[in-house]
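Number of protein chains: 2
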Amino acid sequence: MPQDRFAARRDRLLRQLKTAGVDALLVTSPYNVRYLTGFTGEDSNLVIGANLTGLVSDSRFETQISQECPELDVTIRTSSQTLTEAVAHVVGRAKLSVMGFESRTTTYSQWESLASAVKALQLIPQVDQVEALRQIKDADELAQIRQAIRQAERGFAVLKASLCGDMSEQQAANELEQAMRRFGAKQASFDTIVAVGQRAALPHARPTSTRIGEANFLLIDWGATNFQGYHSDLTRMLATGTISPKLEKLHGVVLNAQQQAIDAIRPGIAGSDVDAIGRDVIAKAGWGKNFGHGLGHGIGLEIHEGPRLSRISKDILKPGMVVTVEPGIYLPGVGGIRIEDDVLVTRNGHEVLTSLPREFALAN
Amino acid sequence: MPQDRFAARRDRLLRQLKTAGVDALLVTSPYNVRYLTGFTGEDSNLVIGANLTGLVSDSRFETQISQECPELDVTIRTSSQTLTEAVAHVVGRAKLSVMGFESRTTTYSQWESLASAVKALQLIPQVDQVEALRQIKDADELAQIRQAIRQAERGFAVLKASLCGDMSEQQAANELEQAMRRFGAKQASFDTIVAVGQRAALPHARPTSTRIGEANFLLIDWGATNFQGYHSDLTRMLATGTISPKLEKLHGVVLNAQQQAIDAIRPGIAGSDVDAIGRDVIAKAGWGKNFGHGLGHGIGLEIHEGPRLSRISKDILKPGMVVTVEPGIYLPGVGGIRIEDDVLVTRNGHEVLTSLPREFALAN
Numbered sequence: 010m011p012q013d014r015f016a017a018r019r020d021r022l023l024r025q026l027k028t029a030g031v032d033a034l035l036v037t038s039p040y041n042v043r044y045l046t047g048f049t050g051e052d053s054n055l056v057i058g059a060n061l062t063g064l065v066s067d068s069r070f071e072t073q074i075s076q077e078c079p080e081l082d083v084t085i086r087t088s089s090q091t092l093t094e095a096v097a098h099v100v101g102r103a104k105l106s107v108m109g110f111e112s113r114t115t116t117y118s119q120w121e122s123l124a125s126a127v128k129a130l131q132l133i134p135q136v137d138q139v140e141a142l143r144q145i146k147d148a149d150e151l152a153q154i155r156q157a158i159r160q161a162e163r164g165f166a167v168l169k170a171s172l173c174g175d176m177s178e179q180q181a182a183n184e185l186e187q188a189m190r191r192f193g194a195k196q197a198s199f200d201t202i203v204a205v206g207q208r209a210a211l212p213h214a215r216p217t218s219t220r221i222g223e224a225n226f227l228l229i230d231w232g233a234t235n236f237q238g239y240h241s242d243l244t245r246m247l248a249t250g251t252i253s254p255k256l257e258k259l260h261g262v263v264l265n266a267q268q269q270a271i272d273a274i275r276p277g278i279a280g281s282d283v284d285a286i287g288r289d290v291i292a293k294a295g296w297g298k299n300f301g302h303g304l305g306h307g308i309g310l311e312i313h314e315g316p317r318l319s320r321i322s323k324d325i326l327k328p329g330m331v332v333t334v335e336p337g338i339y340l341p342g343v344g345g346i347r348i349e350d351d352v353l354v355t356r357n358g359h360e361v362l363t364s365l366p367r368e369f370a371l372a373n
Numbered sequence: 010m011p012q013d014r015f016a017a018r019r020d021r022l023l024r025q026l027k028t029a030g031v032d033a034l035l036v037t038s039p040y041n042v043r044y045l046t047g048f049t050g051e052d053s054n055l056v057i058g059a060n061l062t063g064l065v066s067d068s069r070f071e072t073q074i075s076q077e078c079p080e081l082d083v084t085i086r087t088s089s090q091t092l093t094e095a096v097a098h099v100v101g102r103a104k105l106s107v108m109g110f111e112s113r114t115t116t117y118s119q120w121e122s123l124a125s126a127v128k129a130l131q132l133i134p135q136v137d138q139v140e141a142l143r144q145i146k147d148a149d150e151l152a153q154i155r156q157a158i159r160q161a162e163r164g165f166a167v168l169k170a171s172l173c174g175d176m177s178e179q180q181a182a183n184e185l186e187q188a189m190r191r192f193g194a195k196q197a198s199f200d201t202i203v204a205v206g207q208r209a210a211l212p213h214a215r216p217t218s219t220r221i222g223e224a225n226f227l228l229i230d231w232g233a234t235n236f237q238g239y240h241s242d243l244t245r246m247l248a249t250g251t252i253s254p255k256l257e258k259l260h261g262v263v264l265n266a267q268q269q270a271i272d273a274i275r276p277g278i279a280g281s282d283v284d285a286i287g288r289d290v291i292a293k294a295g296w297g298k299n300f301g302h303g304l305g306h307g308i309g310l311e312i313h314e315g316p317r318l319s320r321i322s323k324d325i326l327k328p329g330m331v332v333t334v335e336p337g338i339y340l341p342g343v344g345g346i347r348i349e350d351d352v353l354v355t356r357n358g359h360e361v362l363t364s365l366p367r368e369f370a371l372a373n
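Here the protein sequences line up with chains A and B, keeping their order.
Sequence positions in the first sequence follow our numbering and run 10 to 373.
Sequence positions in the second sequence follow our numbering and run 10 to 373.
In short, the hints are calculated from the structure, not lab data.
Bear in mind that the values here come from a model prediction, so they are computed numbers and not experimental data.
Be aware that one or more of the hints could be misleading.
No copy is singled out in the list; a pair is fine if it fits within one copy or between any two copies.
Below 20 Å or equal to it, Euclidean Cα-Cα: the simulated EDC-like pairs (lysine to aspartate or glutamate) are [unchecked claim]:
1) K104 / D67
2) K255 / E77
3) K169 / E368
4) K128 / E71
5) K128 / D67
6) K298 / E71
7) K27 / D289
8) K104 / D147
9) K27 / D147
10) K169 / D289
11) K298 / D67
12) K128 / D289
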């Protein structure tokens, strides 16, 4: 991957840091380290300032770093040195006076030992500096997300073709993950939900030994993570028998709510307004109380990131953002319907990145 | 699972907290929450004190908590409330004056908002309170680890039987994970290492598109996580062709190092001494510089936990501890040998929990 992409991201961050009044930022979120450097390993921190891009890691990752991000100032800590001690060394050498740190991913222990190791340094908690940049996907990131979607969709097609009544929810989830990996995914982007019949009423059902054939329908919520760490996230309903008119009706309401919310997606609209548009359709149909979660969330290096589409969201949509749109109706004892797609905000409106039919499809 | 097991663990912790001089402990490590309550979900904190076992979670986990740990005081936070705000509410209601918090898993942001929300409360950083208890496995935990080992070993047997030269490292890793799941594993306990030929010289090689048939041998480092969250961790060498006398010799040295270290395992011995025994065998054979990592680590709810077997370890082995013993010799450009088994410290010595033959086995 060309290194100038990461350099461009770091430049954008450096401009933000100037405004925030800090000389440098200690990046402790592994997702943010990856976003700014391309390094895909763990347990590593980045110290970034005007003349400093210091990656602090350990010997396990030495070869990998030289391949993935050869242009960085790399410090490999010794086995008797903690990560924070090595960071303190890099910070001390750079003679920084005011450093921000990611306060939502830095532990109290890390902060405490850094503060006592570099006493002359003023440490200022920072929130969402890198996360704000990550909301707007660049061309490479969009290609990665499209790939993760393709892996998820191809895997789903295999599962749909091979589903049978004797398979358990857990076996179906395993088949789906295995199929996605065959198409190049690193892994499932979260614990796949396969929920048969009334179990679909639990928004976060975990797969059990319940057999697919025990009811007439099932809900599948799944996604793929590709080898660059980008995620996809979809939900589809499958019919394995005759669907009751009531459930068909619910499905129509959810589909309508989703379509109207998607139609509204464009630069400038508030995440709370997109949520309201989808929510109103469900409320007007009389099921408002049965849709308890937010309408959607950003996807990227994390499976849940900004912007949020929810009642309490303060995010405004901008070109380059990628969000899920996933309304649902849940009836305890009966079942649940959810339909979820991934949508890119474009300069003029939006593009639906997912392409699977949204009907209540008959499984093979 | 019987609830009294978790109550017994909490009682042991409460006695420790008394000694530490705190009224209660805020448990933010999800592994520790699970250990103390049996709750298998995420994003939840536990406040534990003499008359208080408060689990703070969100609506996604309401049903699950009522099934997994019905005896706790459960607080389900609202969607407009952060986890820390809900914790502050529980802490305030309990009128605590001195509370410990897990400083290695509590973020600076959590600590800061808790400190400002409950000003009358003195917050004392705590390290390893629950982790120390977790080092000694109880009967149920040993059964869980044995199950995770069995899942890993059965999966390996399937992979070994189905390996072929055209398979890539990545495909082999996927096959192994799929097989372990078929035998009841939740997932691989870490990213499986399948390293062909000279790639085995990287202690943490990631699977690539390199074909199994491209060299005469491969290293596989893998494990299973069972549905209760317990891990196994093994490494074996497989031959796919004729092994050179040099590599055979290295394998013999590593096997000898491992056996001597295992033979030394008993209550009262220092983790650093077990490491030294294995390390000396390799050093005396002339390969001391080619064994860069520690000899082993504890396994349980985490894949790496205490006690450590390493030069800098200060741990003393006690009955009920379960450790990996995994010496290795790595020759850049040639390859690497590592053999890893899981060993229980018993009252009189030890028991090797893993049972796969340790020879340089010919793949099918």
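Do the hints match the structure? See the list:
Taking the shortest alpha-carbon separations for K104 and D67, neither the intra-copy value of 23 Å nor the inter-copy value of 44 Å comes in at or below 20 Å. Within a single copy, K255 and E77 get their C-alpha atoms no closer than 54 Å, and across copies no closer than 33 Å, so neither meets the 20 Å cut-off. When the C-alpha separation of K169 and E368 is checked against a cutoff of 20 Å, the pair qualifies only within one copy, where the shortest distance is 14 Å, while the shortest distance between copies is 42 Å. For the identical chains of this complex, K128 and E71 are neighbours neither inside a copy (30 Å) nor across copies (45 Å), given an alpha-carbon limit of 20 Å.
With identical chains, the CA atoms of K128 and D67 are never at most 20 Å apart, being 25 Å at best within one copy and 39 Å at best between copies. In the homo-oligomer, the alpha carbons of K298 and E71 lie at most 20 Å apart only across protomers (17 Å), although the nearest pairing inside one protomer, at 53 Å, exceeds that limit. For a Cα distance limit of 20 Å, the shortest separation of K27 from D289 qualifies neither inside one copy, at 42 Å, nor across copies, at 53 Å. When the C-alpha separation of K104 and D147 is checked against a cutoff of 20 Å, the pair qualifies neither within a copy, at 33 Å, nor between copies, at 50 Å.
Taking the closest pair of Cα atoms, K27 and D147 never come within 20 Å of each other, the shortest separation being 22 Å inside a single copy and 54 Å across copies. In the homo-oligomer, the alpha carbons of K169 and D289 never lie at most 20 Å apart, since the shortest distance is 32 Å inside one protomer and 56 Å across protomers. Only between protomers do K298 and D67 lie at most 20 Å apart by alpha-carbon distance; the minimum there is 17 Å, versus 51 Å within a single protomer. For the homomeric pair K128 and D289, neither the shortest alpha-carbon distance inside one copy (55 Å) nor that between copies (41 Å) is at most 20 Å.
Hints 1, 2, 4, 5, 7, 8, 9, 10, 12, counting from the list given before, are not met by this structure.
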